[in-house]
Every structure is written in C-alpha cells, then in structure tokens.
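Undergrad: Protein sequences, first through last, are from chains A and B. Using our numbering, the first residue of the first sequence is number 1, and each one after it goes up by one. Using our numbering, the first residue of the second sequence is number 1, and each one after it goes up by one.
Please note that the accuracy of each hint is not assured.
As the list claims (entries may be wrong) - Here are the simulated lysine-lysine pairs, DSS-like style, with alpha carbons at most 25 Å apart: (1) B:K327 / B:K287; (2) B:K122 / A:K12; (3) A:K66 / B:K327; (4) A:K66 / B:K205; (5) B:K330 / A:K66.
Calculated directly from the structure, the hints in this document are not laboratory data.
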Amino acid sequence: MLHTFVALVDDKPGVLTRVASLFRRMNINIVSLTVGESEAPDVSRMTIVTEAPDSAAARMRAALYKLEITRDVDEVERNSAVIRELALVKVAAGPGTRSAIFELAEVFKARVVDLAPESIMMELTGSASKVEGLIQVLQESKYEILEISRTGRMAMRRGHHTSRVVKALSDNGRARQAEERRRRK
Amino acid sequence: MPKTATATKKTSTAAQQLETLIGSEIMWATLVGEGTDTVFGYPGGAILPAYDALRKYPVHHVLVRHEQGAAHMADGYARASGKVGVAVATSGPGATNLVTGIATAMMDSTPIVCITGQVSSKLLGSDAFQEIDITGITLPITKHNFLVTRAEEIAPAIRSAFQIAQTGRPGPVLVDITKDALQGSAHFDFAAAQPAPHRPHPMLKAESAAMEEAIELIKHAKRPIILAGHGILLSGASQVVRQFAERHHIPVASTLLGLGAFPASHPLSLGMMGMHGESWVNNAIQKSDLLLAFGMRFDDRVTGTVTTYAPHAKKIHVDIDPYEINKIVKVDVALIGDLRQVLTTMLPLLPAKKDTSWLDEVNAMKGDASVRDIVNLPDSGHLYAAHVLNDLWRETKGDSIIVTDVGQHQMWEAQYYKHDSPRSLITSGGLGTMGFSMPAAIGAKFACPKKDVWVIAGDGGFQMTAAELSTAVQENLDLNIAIINNGFLGMVRQWQELFYQKNYACTPILSPDFVKLADAHGIPGLKVTKRADVIPAVRKARAHKGVFLLDFHVEREDGVYPMIAPGAALHDMVRRPKRDPLMEVPEDL
Numbered sequence: 001m002l003h004t005f006v007a008l009v010d011d012k013p014g015v016l017t018r019v020a021s022l023f024r025r026m027n028i029n030i031v032s033l034t035v036g037e038s039e040a041p042d043v044s045r046m047t048i049v050t051e052a053p054d055s056a057a058a059r060m061r062a063a064l065y066k067l068e069i070t071r072d073v074d075e076v077e078r079n080s081a082v083i084r085e086l087a088l089v090k091v092a093a094g095p096g097t098r099s100a101i102f103e104l105a106e107v108f109k110a111r112v113v114d115l116a117p118e119s120i121m122m123e124l125t126g127s128a129s130k131v132e133g134l135i136q137v138l139q140e141s142k143y144e145i146l147e148i149s150r151t152g153r154m155a156m157r158r159g160h161h162t163s164r165v166v167k168a169l170s171d172n173g174r175a176r177q178a179e180e181r182r183r184r185k
Numbered sequence: 001m002p003k004t005a006t007a008t009k010k011t012s013t014a015a016q017q018l019e020t021l022i023g024s025e026i027m028w029a030t031l032v033g034e035g036t037d038t039v040f041g042y043p044g045g046a047i048l049p050a051y052d053a054l055r056k057y058p059v060h061h062v063l064v065r066h067e068q069g070a071a072h073m074a075d076g077y078a079r080a081s082g083k084v085g086v087a088v089a090t091s092g093p094g095a096t097n098l099v100t101g102i103a104t105a106m107m108d109s110t111p112i113v114c115i116t117g118q119v120s121s122k123l124l125g126s127d128a129f130q131e132i133d134i135t136g137i138t139l140p141i142t143k144h145n146f147l148v149t150r151a152e153e154i155a156p157a158i159r160s161a162f163q164i165a166q167t168g169r170p171g172p173v174l175v176d177i178t179k180d181a182l183q184g185s186a187h188f189d190f191a192a193a194q195p196a197p198h199r200p201h202p203m204l205k206a207e208s209a210a211m212e213e214a215i216e217l218i219k220h221a222k223r224p225i226i227l228a229g230h231g232i233l234l235s236g237a238s239q240v241v242r243q244f245a246e247r248h249h250i251p252v253a254s255t256l257l258g259l260g261a262f263p264a265s266h267p268l269s270l271g272m273m274g275m276h277g278e279s280w281v282n283n284a285i286q287k288s289d290l291l292l293a294f295g296m297r298f299d300d301r302v303t304g305t306v307t308t309y310a311p312h313a314k315k316i317h318v319d320i321d322p323y324e325i326n327k328i329v330k331v332d333v334a335l336i337g338d339l340r341q342v343l344t345t346m347l348p349l350l351p352a353k354k355d356t357s358w359l360d361e362v363n364a365m366k367g368d369a370s371v372r373d374i375v376n377l378p379d380s381g382h383l384y385a386a387h388v389l390n391d392l393w394r395e396t397k398g399d400s401i402i403v404t405d406v407g408q409h410q411m412w413e414a415q416y417y418k419h420d421s422p423r424s425l426i427t428s429g430g431l432g433t434m435g436f437s438m439p440a441a442i443g444a445k446f447a448c449p450k451k452d453v454w455v456i457a458g459d460g461g462f463q464m465t466a467a468e469l470s471t472a473v474q475e476n477l478d479l480n481i482a483i484i485n486n487g488f489l490g491m492v493r494q495w496q497e498l499f500y501q502k503n504y505a506c507t508p509i510l511s512p513d514f515v516k517l518a519d520a521h522g523i524p525g526l527k528v529t530k531r532a533d534v535i536p537a538v539r540k541a542r543a544h545k546g547v548f549l550l551d552f553h554v555e556r557e558d559g560v561y562p563m564i565a566p567g568a569a570l571h572d573m574v575r576r577p578k579r580d581p582l583m584e585v586p587e588d589l
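Using the sequences plus the hints, can you model the full thing?
TA: Here is the structure:
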C-alpha cells in the first residue's frame, strides 16, 4: 500500500539523511523522495512516498514528528490532492523513427527538449501512471530507451486545506461522537 | 586570544555576562547556566581547548577510565536526580566509545547531553587523525544531534540540546564541536541563546472525549489492572497514580523500569510482570478485562507473544509519545500527553470503589508461587542470589539506591528487593547493557551523595567496566559493590540449559579474585560463601566510608523463575521445578 507524506522540515544540512535514516530504521521502503524549497523561508518541503501496510501510516507520521527538524506532516490521498512528477526520457531515434516518436509525445503531451542525430529527449509532467504509461508504450513499440530520470511524486492538497484544518475537522468529528453518546444515555 | 574578565574567579555569574569569550569558555558558561555542576569525561586532542578553560568554571569534572563509563555515569546521574547528565569526550575513539552509553540512554529515555570534540571544520571529511562522523553514527540513537563549526553556534546548540533532552519523552542529545569553534571567539549572551519554545508534538491529544471514554471503561471493568511503567517516574506522577489506584481499588503491576513508581509494600501492588515477572501477575493480566497502561510501551519482555496477550482485556494507553500508541498492541483508548497532567485531569471523574473481590482473587493466586519461591525453601547450605538480594533488602530497609547490571542477578533483584520509592532502582532495561552498573552507580552517587548506593553486578558484567573502580577511588566516593559471582554468564547459560540442551558454549567465564582486584585499587573487600555471612558482610560494607566490595559466590547453575520462553504466551510460564535438584540435601552430609 502506497502512502504519500508531505513533510515541512527545517532547511538545514543533514535533514534529508535524518528522514531517510528514519525509514531505513523502520525497514520501510521509500519509493520516492523529493525535496525542495517551500513558500516559507528556512522551510523545505519533502514529498515521501512509501510502500508500507496501512497500520504503519500513523506510526510513520508519529515518527516523522519525533524528528526535531520536522515542522508539519500531512498524509495525502489521490482524490484529495494533486500529485505530479516530472520525467526526462531519452529514446534512441534516427531520421526514420523520429516522427513516430514525435506523435507519441504529442499524445502524452510530452515536450521534446533535445534533438540529437541518434536520440530524442522528452520531458513529461503528470501523474505517475501517465509517466509509466509513456514508458510502457515506448517499450512495447520496441523503441530503445537510453535513459530515464524521474523526480518522484510531488503532492499538494486541493483547495485551501492544510493539515491543520484537516486535524480540526477530525477533532470536531470526535467531539460530535462524544456528544452523541452523551445524548443517547 | 581575548582575555576574559572571569579569568581569575570561578563564578556562576560568568554565565550571565555579555562579553566576548572564546568557544571553550562559552561551552562551560552555557553548561553552568543550564545548571550543570558535574560532568563525566575524558580529555583528548580535539577537546583540549575545553579542558584548558575548565578551571575558570564551577564545574566538577569526573575523570573516567573509559568513555563508555562517562556516558553511563551521566545516565545514572540523570536517573537518580531527574536532571540532565553531561558527558564529555574527545573526537574519534573518544566519541565512538560513548555510543553504547548513548544507545542505553535512548532505549530507556534518559535525558543526557554528550559533548564531543571534533577535528577542525576545515578538515571535516578528510579522514584526519581521530576524526569520526559521530553525528552520522549517533543519528538513530539520539533524539537529535548537532555539529557545531563556529563559536557563535556553541551556546544555542547546547541550550537547544538541554531543551530537547528534557522535553516530551526524554532522551540523549549529542553536540559535536569542532576544534576551531572551541578556539574561535564570539559574543556570549546566555539569555539570547535560548531556543524557541519546543513545539509540542502535534499528535498530542488527550481530549476530554477520550478521557470520558476511558472513565466509562474503568467503571464497567470488573478485573482492571494498572500497568505501571517508567513514564510514571519521568513524569513525576507517582502520587496521582497512587490516588488513582486507591480511589478505585485497582491492582498495580509493574514493568522492570517502573519498579518503585508504585510502592511495592502497598496492598494494591502486585509486583513485576513479564518474562521474569511473578506468576500471579502474568496470570492476572491474562484474566484481566481492562489494562491501564501508564507510561509503559508493551515491550516484548512484558507481553510474551502478542497474539495471545491479555485476550479478554480492553486497553487504555497513556503515553507522551504518539509513536508508542498501537505500536505493539492495539489499544481501545489512547491518551497522548503528560501522564501526570492526564491523570490529574481524570482523577475527579473517577468514581470511588471499594470492591476488593478482584484483588482477593489475584492474591489467592500467590499461594502456589510462594511454595515454589526460593526464599521460602531451605537452602541446604547453598548460597542463592535470591537470598543475598532479599537479605540486602531487609538490611537496607529498601532505602538505598540499587544500580544493577544485566543478567540473572538483575531479575533476582527485581523479584527480591522491594522498591517503595521512585528512582531507587537504576537498571538498563531497554538495551540491557552489561557493564552499566559500576559507572551508573558512580553517577547516581554524585546525584544523591547522601544516599546509600549499591552496585549489584554479575561476575561477567562487572568485568566489562571494572576499570571505573579507580574512578570511584579517585573521587573518594562512598559506594558498596555486591558481585553475584557464579562463574557463568548466567542468563545466557540459563537459555542454553532450557533451549540448547545445556550446551554451555562460551558461557563459563573466568574472573579475577575480585577481593584482590579491589585491594589493588585500595578498596577493602570480603568474599562471602555462606548464607549466615551475608548480613554481617552487608553491614560491614555500609559502615565503611569509601568503596567496599563484596564477592558473593553463589550457586553456579541456578535459574530465574518464572520464565516465559521466546514465542510463548504470558500465561505459559516455565516454573521453578517443585523438586529443585539444587534444593536436595547432599547424601554425604
């Protein structure tokens, strides 16, 4: 089961190691990890995709919060967030095969960013399944893929929801349950 | 190098003065400002500038014989006092020697700050002499660590380290300071170096709704048990736990590290649970319909196999670390916060109950156990560790600080020395570090100089850190040492006896004559081989001012019972054989 976490962490040296080391200790596989600047100064934004059973999700959040460098952790789902990655794919292509590959790129809305006598480099942004789709089509069409570079998933919640808002909503839910119980008695 | 105004006087106001100091002075001034008056350490090249500045500050430095000892001393100091323990070591091997001690503190949630020297920042990553990436090595065993490369970063890092070590779930923090940082100069302002208030863990939520749910569960429970853990001591919640238990007449079982959190002599106290816990405690847990886990983490030593653990019981878990919730055992109500605060809020909601039927039922289970208890059996001329520890308990009236090592003696201590007060037992539970006792006892003695402090160690564990005997002598400490000497690595031998058909591979261990060893350190000692000599020996040790060593030659192949085998359920205990071959009178007597 894939879990996607967005973590806001201090922008300091060694932060990446601390997070990676944490998952290694828990023996949880990191499918992808991407980190970069956020909207706040001194804060980096990490998107971590892990492969782990559902029961591990709460513990992963708790463990990330335990790190002194962590400011905030949010777990996002596909239907509540925009999840994207960027891929660069270099395919072997000569004058004969070039146009066919251009058509493929057109279909996937990939941009051709490099044209060399014997290869074409495409840039594709989209969901992981779209990226995997392009790669699969290229492979099945027997084109020779020379290089693939993928950034890994990046995620952001739709709308104005931040993890704090989500927490408040879930707290309200609990309070409502307790109120129901009281009324029932 | 700028001359400082404090060069000629040792004063704590040095910590508060705004001025330009060199890094090594800032280091001590910050420690003094944080309330440190004792550190345990060992000098070396990279940390030498710090040692040069030490004389200007009112800090007592204890020179150890191995940096592992320094870490354990800081740990023992923290456990006995509740304050942050501080260890200082140089770079390279000095730092790596701290690792076992830091891991010990991490596993038992003890607040210590370790300061290590490091090569000059320009040399980092060049494999310089005595250079080691200690911040990398200690990543998984510290709450956090710092690499300080500039003098102006020293004070904020140390202040931050102290805050992190003590807030939330306590733990060790390491501060690695490069030599050029120690030699550089910076403006020192203790107040300005204060870290931002520690952000509380966002998953902390002991909500009123959950508390009400918990109270409901308690009200409807017929066989509740409180599981008392180390968190009670760390939170200072002994009193409110007692009020809680008494108000509703709930029996209390204890983890190893929770011993002393609830008085053992209290009628509601059941004793230790788990792998070597008392049989009636484990049986009661398996029968229970509600477990109240207070500051304990359902460690595997306590649960036996998890699939059959407390099958009839609902569980309420109160802990400050969200990571522990549902980690091992799925719980019904989780109250994530400071134990003392949570229970103080819940106490008024708890109705009073005087029904003793459940407690009576549990007490009735004790009958069978007392028949098998070694303390109640004739010793037939053998000296048993259980008798030694029980006699020690009677003689000290349970009023001493006991620091144990790891192994069979540690379990016998837990079973036969009754702890009534908090912080009276110091023992390595989570990591189970042999060699812990001697240095930890030294640390505890510095924390509580007026208390009678005992080292209780096996012959194996004692040899690991025996060199610290010199530290105790150099520091003129009054310390008692009891070695439970059976010529084996006892606990491992017991496992070999039970699970490996008595294949005692590498467990018979040769020790020096400990009394002669003590004598070489200028320490008086006695060898004890008979039951009748135990109490007189204990009295002699206590009366002596200074270190005194007692070498108890106990039964070689004795077992800790009950025992839960790996993979077995909590109620599946291996009991002391009713006809214990050791208990039989030899025919030629």
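Undergrad: All the hints need checking, so say for each whether the structure fits it.
TA: Status of each hint after checking the structure:
| no. | hint | result |
| --- | --- | --- |
| 1 | B:K327 / B:K287 | 22 Å, holds |
| 2 | B:K122 / A:K12 | 19 Å, holds |
| 3 | A:K66 / B:K327 | 15 Å, holds |
| 4 | A:K66 / B:K205 | 15 Å, holds |
| 5 | B:K330 / A:K66 | 21 Å, holds |
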